[in-house]
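Protein chains in written order, with this note's numbering: chain A, 1 to 302; chain B, 1 to 302.
Some hints could be false.
Calculated pairs, DSS-like style, for lysine-lysine (alpha carbon to alpha carbon, straight line, at most 30 Å) [stated by the list, open to error]:
# : chain 1 : residue 1 : chain 2 : residue 2
1 : A       : K150      : A       : K120
2 : B       : K30       : A       : K114
3 : B       : K53       : B       : K30
4 : A       : K265      : B       : K265
5 : A       : K265      : B       : K114
Quick look at which bits of chain B chain A covers, simulated, 3 or more residues with Cβ under 8 Å [claimed, not checked]:
#  : region
6  : 35-42
7  : 195-207
8  : 216-229
9  : 253-262
10 : 277-286
Not everything, but these chain A residues come out facing chain B in the computed CB check (under 10 Å) [as the list claims (entries may be wrong)]:
#  : residue
11 : A80
12 : F83
13 : A84
14 : D143
15 : C178
16 : A211
17 : G224
18 : M250
19 : A262
20 : R294
The hints are simulated quantities; they were obtained by calculation from the structure and are not laboratory data.
Since the structure is predicted, the reported quantities are computational estimates derived from the model, not experimental observations.
Ideal Cβ placement from N, Cα and C applies to all residues, glycine included.
This is what each chain is made of:
There are 2 protein chains.
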Amino acid sequence: MTVPASAPFFSRVVIVGVGLIGGSLALALKRAGAVGTVVGVGRSQASLERALKLGVIDEAATLEDAAKGASMIVLCAPVAQTFALLHALEPHLEPATIITDAGSTKSDVIMAAKTALGDKAAQFVPAHPIAGRELHGVEAALDDLYVGKKVVLCPLQENTRIDVAGVRAMWETAGAQCSVMSAVQHDAVFAAVSHLPHLLSYALVAQVANAEDAALKLDFAGGGFRDFTRIAASSPEMWRDICVGNREAMLSELSTYQAMLAHLKTLIENSNGEGLERIFQRASQARQQWGAQRAPAVNAEP
Amino acid sequence: MTVPASAPFFSRVVIVGVGLIGGSLALALKRAGAVGTVVGVGRSQASLERALKLGVIDEAATLEDAAKGASMIVLCAPVAQTFALLHALEPHLEPATIITDAGSTKSDVIMAAKTALGDKAAQFVPAHPIAGRELHGVEAALDDLYVGKKVVLCPLQENTRIDVAGVRAMWETAGAQCSVMSAVQHDAVFAAVSHLPHLLSYALVAQVANAEDAALKLDFAGGGFRDFTRIAASSPEMWRDICVGNREAMLSELSTYQAMLAHLKTLIENSNGEGLERIFQRASQARQQWGAQRAPAVNAEP
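For reference, chain A alone in the conformation it holds in the complex (with noise of 0.2 Å):
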């Protein structure tokens, strides 16, 4: 883990959903000593005192006490959530206090930010964590979970320097390696690499499953199957609203892969082998290059 030269100190690090993300954050900060307080909100206090008695979190709160004296609001909601959170958290916000968030999606997340908090909004450093596990809830939590891992900055204009440092210290401090995106980018880079292959692996086990020979197919489906069809079994709530909250760049990536498809059609139409191999040999070189060279980062995540 790389900490950075001057560690940050964050005396009071607000929680807002300590699931996997949120409790890997509150783990990474503490076993850094680089906060005093962790305080947890969320909507299951079961969840709150299964947090606390793990020592994740060090008092469970209400969005409105929590906001008192904060140094950091790190929002690990699901992104749906975002403009009701902000919108509640307004009236109690502090002039010193800097938001972040851990949403997958950032354009909508940043419209929801401006909508809620108006000018308040230049507090709020919009940012993607780039690190997950198939599993879930606050007992998934890992202090390290952010080793090694990206995340992506997209600061607003608004934004000064000193907060967007703040949040970068505190993810270099978990670990992680920051970068900066335009929100733009951002979203056109995730619907690409992540939110279109979610919804291709969906429609694809949607298909197989809705055959009237469904259970013959899935009794011959073997290696192939189980590696496309892994993300299919994400959580069916989390991907909807990035679907819709990512919605434009994912028009976007879609289009061009449903004209993809129509030309590989036409190419099996007519019974062009060459047409297909040099796709094909285009994207084995590009997947096999992808995979030497990522083959420490892969190895190291979850």
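Guided by the hints, dock chain B onto chain A, whose structure is given.
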């Protein structure tokens, strides 16, 4: 490994194409003591010499010489070579010899066999072992590759019961479980759960690799992309042949998939989260169920 009560014995087995699939079959039959002599036939002299050195085959021969006195001839070459191989074999085929294959598509292989062999097509029992590894070539051959794996037999009406039983006994001796399907059913099942996923995975990687910001996208691609695109690193030649060979079933599955994508696109366009969630939910449940049922077999798979 389940060896049938009355283990069969094949005095002379000819493997045409001594790579992973053919080599593993040879090793399995040797391990079970179910074969006298294994004869290897192949285009590459170097590869045959390696197979001899590794003890995978006992002799290397031309197709013509190999056919003399053969109990069983197993085609393990790419499916597009089926016609040429059987056409060359036909004049030398002895009446007591059984021929079978290991191709991933069946209707096109059967068409090639009937055209090349004429009346002698009765001696050809089409088969498809569902097994593979990421490694290729005779060096990757394993004597237990087929243990617990499925083999689909698509017998012709012309086949004798004894010949079909012989092919079944051979695969069971290698540790596999045999199922019988019509060629049409086989091709539809594998178009859905194997061939289409490969096409979709190739298409996504080609799309990302062709993007102007390909480097940025690949840099931020994570675990979902990794799993979804693992099969896009597969052999372009092999999948070209399968797409063309299984043309009708591929086009049918692809059309269904295009309709599914068009429907999902409309849901996203209308920000219809409920509609999206319903489809994701169905897919997620089906995938989780499949994963739970297949866990032991999946772990055993390479």
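Hint check results:
Between K150 (chain A) and K120 (chain A) the alpha-carbon distance is near 27 Å, which keeps this suggested pair within the 30 Å criterion. At roughly 72 Å between alpha-carbon atoms, K30 (chain B) and K114 (chain A) are farther apart than 30 Å, so this suggested pair is violated. Distance hint between K53 (chain B) and K30 (chain B) is fulfilled; the C-alpha atoms sit about 15 Å from each other, no more than 30 Å. Straight-line distance between C-alpha atoms of K265 (chain A) and K265 (chain B) comes to about 19 Å, which keeps the hinted pair within the 30 Å bound.
Taking the CA atoms of K265 (chain A) and K114 (chain B), the gap is about 28 Å. The hint holds against a cut of 30 Å. Counting residues of the region 35-42 of chain B whose CB lies closer than 8 Å to any CB of chain A gives 0, which falls below the minimum of 3, so the coverage claim is violated. Restraint check on the region 195-207 of chain B versus chain A: 12 residues with Cβ-Cβ distances below 8 Å, three needed, restraint holds. Beta-carbon proximity to chain A at under 8 Å applies to 13 residues in the region 216-229 of chain B; the threshold of 3 is reached and the given coverage holds.
With a threshold of 8 Å between beta carbons, the proposed coverage of the region 253-262 of chain B by chain A holds, since 9 of its residues qualify and at least three are required. A stretch counts as covered by a chain when three or more of its residues have a beta carbon under 8 Å from one of that chain; for the region 277-286 of chain B and chain A the count is 8, and the coverage holds. Annotation: interface hint on A80 (chain A) holds; nearest CB of chain B at approximately 8 Å, less than 10 Å. Given the 10 Å rule on beta carbons, the hint for F83 (chain A) is violated: about 14 Å separates it from the nearest Cβ of chain B.
For the restraint placing A84 (chain A) at the interface with chain B, the shortest Cβ-Cβ distance is roughly 15 Å, beyond the 10 Å limit, so the hint is violated. Taken as an interface hint, D143 (chain A) does not check out: its beta carbon lies about 20 Å from the nearest beta carbon of chain B, beyond 10 Å. Annotation: interface hint on C178 (chain A) violated; nearest CB of chain B at approximately 13 Å, more than 10 Å. For A211 (chain A), the interface hint holds, the least distance from its beta-carbon to any beta-carbon of chain B being 7 Å, beneath 10 Å.
The criterion of a C-beta within 10 Å of any C-beta in chain B is met by G224 (chain A), whose closest approach is roughly 5 Å, and the hint holds. Below 10 Å, beta-carbon pairs count as interface contacts, and M250 (chain A) has one with chain B at about 6 Å; its hint therefore holds. A distance limit of 10 Å between C-beta atoms decides the matter here; for A262 (chain A) the minimum to chain B is near 8 Å, and the interface restraint holds. Interface restraint check for R294 (chain A): the shortest CB-CB distance to chain B comes to about 7 Å, inside 10 Å, so the restraint holds.
Consistency with the previously given hints fails for numbers 2, 6, 12, 13, 14 and 15, ordered from lowest to highest.
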